[in-house]
Amino acid sequence: NAGVTQTPKFRILKIGQSMTLQCTQDMNHNYMYWYRQDPGMGLKLIYYSVGAGITDKGEVPNGYNVSRSTTEDFPLRLELAAPSQTSVYFCASSKQGIGGNTIYFGEGSWLTVV
Amino acid sequence: DQQVKQNSPSLSVQEGRISILNCDYTNSMFDYFLWYKKYPAEGPTFLISISSIKDKNEDGRFTVFLNKSAKHLSLHIVPSQPGDSAVYFCAARAINTDKLIFGTGTRLQVFP
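Chains as they are written, first to last, in our numbering: chain D, 1 to 114; chain S, 115 to 226.
What the hints contain is simulated information worked out from the structure, not anything from laboratory work.
Hints may be right or wrong, so weigh each one.
[What the hints assert, rightly or not] Here are the computed lysine to any residue pairs in the SDA-like style, where the Cα-Cα straight-line distance is at most 20 Å:
hint	chain 1	residue 1	chain 2	residue 2
1	D	9	S	138
2	D	95	S	182
3	S	168	S	138
4	D	44	S	153
5	D	57	S	213
6	D	44	S	132
7	S	213	D	58
8	S	213	D	104
9	S	182	S	166
10	D	44	S	151
11	S	213	D	61
12	S	213	D	14
13	D	44	S	168
14	D	9	S	159
15	D	9	S	155
16	S	151	D	3
17	D	44	S	201
18	D	95	S	211
19	D	95	S	160
20	D	14	D	111
21	D	95	S	123
22	D	9	S	156
23	D	57	S	138
24	D	44	S	117
25	S	213	D	9
26	D	44	S	172
27	S	151	D	107
28	S	151	D	55
29	S	119	D	41
30	D	44	S	143
31	D	57	S	182
32	D	44	S	211
33	D	44	S	120
34	S	213	D	111
35	S	151	D	14
36	D	9	S	123
37	D	95	S	213
38	S	119	S	138
Since we're looking at a predicted model, the values are computed, not measured.
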């Protein structure tokens, strides 16, 4: 049982480059989320989606884009990478919303922008 | 503006004793609270949650207490085990939203 799968696990980007972090879940969850965690900090919500075709901004959306064309996939796109985007990125999913439902997290993607 | 605060970055407890992790929040619109546990190089895993209509929720060795008037919640682990050594995050949801606001985490170390 795969759960939430993120790729790549590690990536080094040069300033100005772009890339996509892939996230897929096999639990048929409607809700999907992208968080980032900076050293010594809690997780900050970047974007989330309540279903295919629907996305919304979280706390720190600037510099990122998302799409949700299928229930399973929720890729996060970084355009014009900046050193401030060096972080650990976590994708997550849940069946419904947060109340009373467990959110499952992927293992994380470590991104360094140099 | 840190709406969810975990003021103790680390806690060290002897095996078999009680671990108490604390969390304070500022937003009175939070109605659901969760605790997550995170090991290095892994994603957070759900531990226990509590609705704002309750003041206590228990699951095995883990109990969460909520004091709404003080905007404070705590996680009790009894008895503590070495495998509990991890970073613990408190998280809160504002009513009618699907966004979780996380605290900065407390690193718990349980030593023999």
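Hints, one by one, checked against the model:
Between the alpha carbons of residue 9(D) and residue 138(S) the distance comes to roughly 33 Å, so the proposed pair goes past 20 Å and is violated. In summary, the hint linking residue 95(D) to residue 182(S) is not supported, as the alpha carbons are separated by about 28 Å, beyond the 20 Å threshold. Distance hint between residue 168(S) and residue 138(S) is fulfilled; the C-alpha atoms sit about 16 Å from each other, no more than 20 Å. With a C-alpha separation of about 18 Å, the suggested pair residue 44(D) and residue 153(S) falls inside the 20 Å cut-off, and the hint holds.
In summary, the hint linking residue 57(D) to residue 213(S) is supported, as the alpha carbons are separated by about 10 Å, within the 20 Å threshold. Among the hinted pairs, residue 44(D) with residue 132(S) is inconsistent with the structure: their alpha-carbon atoms are about 30 Å apart, more than 20 Å. Only pairs whose Cα atoms come within 20 Å are accepted, and residue 213(S) paired with residue 58(D) is accepted, the gap being roughly 7 Å. Taken as a hint, the residue 213(S) and residue 104(D) pair is honoured in the structure, with Cα atoms around 14 Å apart against an allowance of 20 Å.
Restraint check for residue 182(S) and residue 166(S): satisfied, since their Cα atoms lie roughly 7 Å apart, inside the 20 Å limit. About 16 Å separates the Cα atoms of residue 44(D) and residue 151(S), which keeps this hinted pair within 20 Å; it holds. For the given pair, residue 213(S) sits about 13 Å from residue 61(D) by alpha-carbon distance, which is consistent with the 20 Å threshold. Only pairs whose Cα atoms come within 20 Å are accepted, and residue 213(S) paired with residue 14(D) is rejected, the gap being roughly 31 Å.
Using a Cα cut-off of 20 Å, the hinted pair residue 44(D) and residue 168(S) is violated, with the two alpha carbons roughly 26 Å apart. A distance of roughly 18 Å separates the Cα atoms of residue 9(D) and residue 159(S); the hinted pair therefore holds under the 20 Å criterion. Under the criterion of a C-alpha separation no larger than 20 Å, the hint pairing residue 9(D) with residue 155(S) is consistent with the structure, at around 10 Å. Distance restraint check for residue 151(S) and residue 3(D): the Cα-Cα separation of roughly 17 Å lies within the 20 Å cut-off, and the hinted pair is therefore satisfied.
A distance of roughly 16 Å separates the Cα atoms of residue 44(D) and residue 201(S); the hinted pair therefore holds under the 20 Å criterion. With a C-alpha separation of about 15 Å, the suggested pair residue 95(D) and residue 211(S) falls inside the 20 Å cut-off, and the hint holds. Between the alpha carbons of residue 95(D) and residue 160(S) the distance comes to roughly 14 Å, so the proposed pair stays at or under 20 Å and holds. Straight-line distance between C-alpha atoms of residue 14(D) and residue 111(D) comes to about 11 Å, which keeps the hinted pair within the 20 Å bound.
At roughly 32 Å between alpha-carbon atoms, residue 95(D) and residue 123(S) are farther apart than 20 Å, so this suggested pair is violated. Annotation: proposed proximity of residue 9(D) to residue 156(S) holds, straight-line Cα distance about 11 Å (limit 20 Å). A threshold of 20 Å between alpha carbons decides the hint, and for residue 57(D) with residue 138(S) the separation of about 25 Å lies outside it, so the pair is violated. Distance check on the hinted pair: residue 44(D) and residue 117(S) sit about 12 Å apart at the alpha-carbon level, within 20 Å; holds.
Restraint check for residue 213(S) and residue 9(D): the C-alpha separation of about 25 Å exceeds 20 Å, so the hint is violated. Simply put, residue 44(D) and residue 172(S) have alpha-carbon atoms about 27 Å apart, too far for the 20 Å limit, and the pair is violated. With a C-alpha separation of about 13 Å, the suggested pair residue 151(S) and residue 107(D) falls inside the 20 Å cut-off, and the hint holds. For a cut-off of 20 Å, the pair hint linking residue 151(S) to residue 55(D) is broken: about 27 Å separates their Cα positions.
Taken as a hint, the residue 119(S) and residue 41(D) pair is honoured in the structure, with Cα atoms around 10 Å apart against an allowance of 20 Å. This hinted pair checks out: residue 44(D) and residue 143(S) have alpha carbons roughly 18 Å apart, not beyond 20 Å. Between residue 57(D) and residue 182(S) the CA atoms are separated by roughly 28 Å; this puts the pair beyond 20 Å, and the hint is violated. A hinted pair counts as satisfied when its Cα atoms are at most 20 Å apart, and residue 44(D) with residue 211(S) qualifies at roughly 15 Å.
Taken as a hint, the residue 44(D) and residue 120(S) pair is honoured in the structure, with Cα atoms around 15 Å apart against an allowance of 20 Å. A threshold of 20 Å between alpha carbons decides the hint, and for residue 213(S) with residue 111(D) the separation of about 23 Å lies outside it, so the pair is violated. With a C-alpha separation of about 32 Å, the suggested pair residue 151(S) and residue 14(D) falls outside the 20 Å cut-off, and the hint is violated. Proposed proximity of residue 9(D) and residue 123(S) is contradicted: the alpha carbons are some 26 Å apart, above 20 Å.
Of the pairs offered as hints, the one joining residue 95(D) and residue 213(S) holds, with about 14 Å between alpha carbons and a cut-off of 20 Å not exceeded. Distance hint between residue 119(S) and residue 138(S) is fulfilled; the C-alpha atoms sit about 5 Å from each other, no more than 20 Å.
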